[in-house]
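We have chain A already, so just place chain F on it with the hints.
From first to last, the protein sequence lines stand for chains A and F.
Residue numbering for the first sequence follows the numbering used here, starting at 1 and increasing by one per position.
Residue numbering for the second sequence follows the numbering used here, starting at 1 and increasing by one per position.
Bear in mind the hints are in silico, worked out from the structure with no lab data behind them.
A hint or two may mislead.
[Unchecked claim] Computed cross-link-like contacts, DSS-like style, restricted to lysine-lysine with a CA-CA straight-line distance of at most 30 Å:
| id | chain 1 | residue 1 | chain 2 | residue 2 |
| --- | --- | --- | --- | --- |
| 1 | F | 61 | F | 76 |
| 2 | F | 15 | A | 4 |
| 3 | A | 4 | F | 166 |
[As the list claims (entries may be wrong)] One-sided and incomplete, this derived list gives chain A residues near chain F with beta-carbon spacing under 8 Å:
| id | residue |
| --- | --- |
| 4 | 1 |
| 5 | 7 |
| 6 | 13 |
| 7 | 75 |
| 8 | 76 |
| 9 | 92 |
| 10 | 102 |
| 11 | 106 |
| 12 | 108 |
| 13 | 110 |
| 14 | 112 |
[Unchecked claim] So the derived label-pair ranges between C-beta atoms look like this:
| id | chain 1 | residue 1 | chain 2 | residue 2 | range |
| --- | --- | --- | --- | --- | --- |
| 15 | F | 110 | A | 1 | 41 to 47 Å |
| 16 | F | 233 | A | 1 | 19 to 25 Å |
| 17 | A | 1 | F | 205 | 16 to 22 Å |
For every residue, glycine included, the Cβ atom is placed at its ideal position computed from N, Cα and C.
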Amino acid sequence: MDPKRYRQLVQERAPKPNVVRDATRAFLLGGCIALIGQFVFDYFRLIEPTRGEAVAATLATMIFFGAVLTAFGVYDKLGEWGGAGAAIPITGFANSMVSSAMDFRRDGIITGLTSKLFVIAGPVIVFAVVVGFIVGLLRSAFLGLFA
Amino acid sequence: MSAATVAPATKRVGKYTLAIDQVRIAQRATVVGPREGAGPLGKWFDQVEQDHMAEQPTPEKAERYFLKQAVQLVLKKAGLSPDEIDFFLSGDLLNQVITSSFTAREFGIPFFGLFNACATFGAALTLGSVLIDGGYANRIIIGASSHYQSAERQYRYPIELNVQRKATNQWTVTGAGAALLARDGSGPRITMVTPGRVVDYGLSDTNDMGSAMAPAAADTLLRHLSDTGRSIGDYDLIVTGDLSAQGSKMFRLLAKDAGITLGNTHQDCGVLIYSQEQQPGAGGSGAACSTTVILSYILSEMENTRYRRVLAIPTGALHNPLTASQGETIPCIAHAVVFEL
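Chain A with its partners taken away, still in its complex shape (with noise of 0.2 Å):
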C-alpha cells in the first residue's frame, strides 16, 4: 500500500475521542477544583487584611494541595479522568512541578531534581514572563509608565 494512501486510512480508522464526555468531565473537575479555592478564599479573605493578601494565600494553599495529592500519587489519576480539569488550575502546575521533582530525585539534587524540576512548569513559566512582560510595555504606552 503506498504510504500516502495508509496515512490517510490511519487517520480516518483512528479511535474518535468522546469530546462531550471528556469536555464534560474537564468542566467538572476544573469547577470542583476552582470551588475548593473559592472556599479557601472566602475564609482567607476573613483573615487577611487585604484581597491581595488573601490572593497569595489561596494560591499557596492550593499550590499545597495539588503537591499532596502528587505526594499521594491522586493528582496523575485525576488528570486521567478529568484531563485538562486538572491540568489548567493551579493544582496542575503544582503537580507538574512535583512529579518532576520525584521523579528526577534519584537522578541526584543538581544534575537531576533541580536541573529537570522545571521540565514540563519551564514553558508555563517563560510564557508567563513573556506575555506579562508584552502587556506591561503595552499598558506603560497607552497609560503612561507609572499610572
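The following block gives chain F in isolation, referenced to the frame of chain A:
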C-alpha cells in the same frame, strides 16, 4: 573477488529468509510485574513480582533486577553455570541498552547488546539461531527487558504528571524474559527467520506506535510468505509483537490489501497481555511485551500441542525522544521467527 569464486550461501530461502537447522528453545523464563501478573496471562509467567520496583531504589535498577532474575532462572532450570554459555544476547529500551550491559556484567558471558526497540527479542532469536546453526556456539542465552517507569521517564513524562492517555497509547510492560538456545533439549525448534528491514510510512505520532509499526510487520510477513511459498494456512498462529488494538487493525488492513485474510490466525502480544479492565489504552508494548508473552503463553501452548507451527513477528518503533521532538517520523522494524514442535 568475483561471485564465481565464493560458494553461495546455502541456508537462505528466497531473497530474505534463513533456514535454521537444529536450534531449540531449550529453556525459558519470564519475570513480570504485578500488573502483568494480574492480567489474562498471569498464570503462564514463571515469576510475578508483587512490587513493580522490586524493592529497588530506581526503576532502572528494578528493570535490571527483572532481567537478572530471568537469566538466573533460565540457568537454574537448565542446571547450567554461566561459563557453560557461549554468548549472551540481550537488549532493552534504555539509552545505550544499559540494562542489558549491567546484567551482562553479572555473568561474564561474551555479550552483544542489541537494540531493535520492542523487536529486540526477534533480533536476539535471529542472531542466536544463526550463531548456533553456523557452528559458532552450543548454548546461547537471549533476553530482553522493559519497565513501565523507566520507559515513561525516558520517552514520555514524569510518572505522577496529570496526562490523559489517548486510546491509541500503549502501556510499557514491566518485566523480562530470557531463553536458552541450544542444539539439544526438547523445547520448540526455530526453523526459519526472516529478518526485518526498516520501514517508515511517514507517521510521527508517538501516541500511536501501533499504526506506525503495522507496515513493518506487514512487510516482513509478505516477504516471509513470498520467500517460503507458504500461506497463512500453513501456520496455526501468527503472533505480532506489540501492534496493540489499533496497530493490529491496521496490520490486518495492510494484509487484506495484499490479498491475505488473517482471520483468527492472527493475535498480538500487546492485546493478549492486559485485559480491558486494566485500562492499558490500546494494549501493552515494550521490549518485554513480545518477549514475555512468547516465552510464556505462546511456547507453553506449543508444548501443549495447541499450536504446532507459529510465526512470531516482534515489532519495534525505533525512534528516540530527540528525533520525535524534532518532528521526525518513526522508523519501524519487524523480525519474523518460525517456531515448530
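So, going through the hints one by one against the coordinates:
no. : hint                       : verdict
1   : F/61 with F/76             : holds (22 Å)
2   : F/15 with A/4              : holds (27 Å)
3   : A/4 with F/166             : holds (23 Å)
4   : 1                          : holds (5 Å)
5   : 7                          : holds (6 Å)
6   : 13                         : holds (6 Å)
7   : 75                         : holds (6 Å)
8   : 76                         : holds (5 Å)
9   : 92                         : holds (6 Å)
10  : 102                        : holds (6 Å)
11  : 106                        : holds (5 Å)
12  : 108                        : violated (11 Å)
13  : 110                        : violated (17 Å)
14  : 112                        : violated (11 Å)
15  : F/110 with A/1: 41 to 47 Å : holds (42 Å)
16  : F/233 with A/1: 19 to 25 Å : holds (23 Å)
17  : A/1 with F/205: 16 to 22 Å : holds (18 Å)
Comparing the model with each numbered hint stated earlier shows that hints 12, 13 and 14 do not hold.
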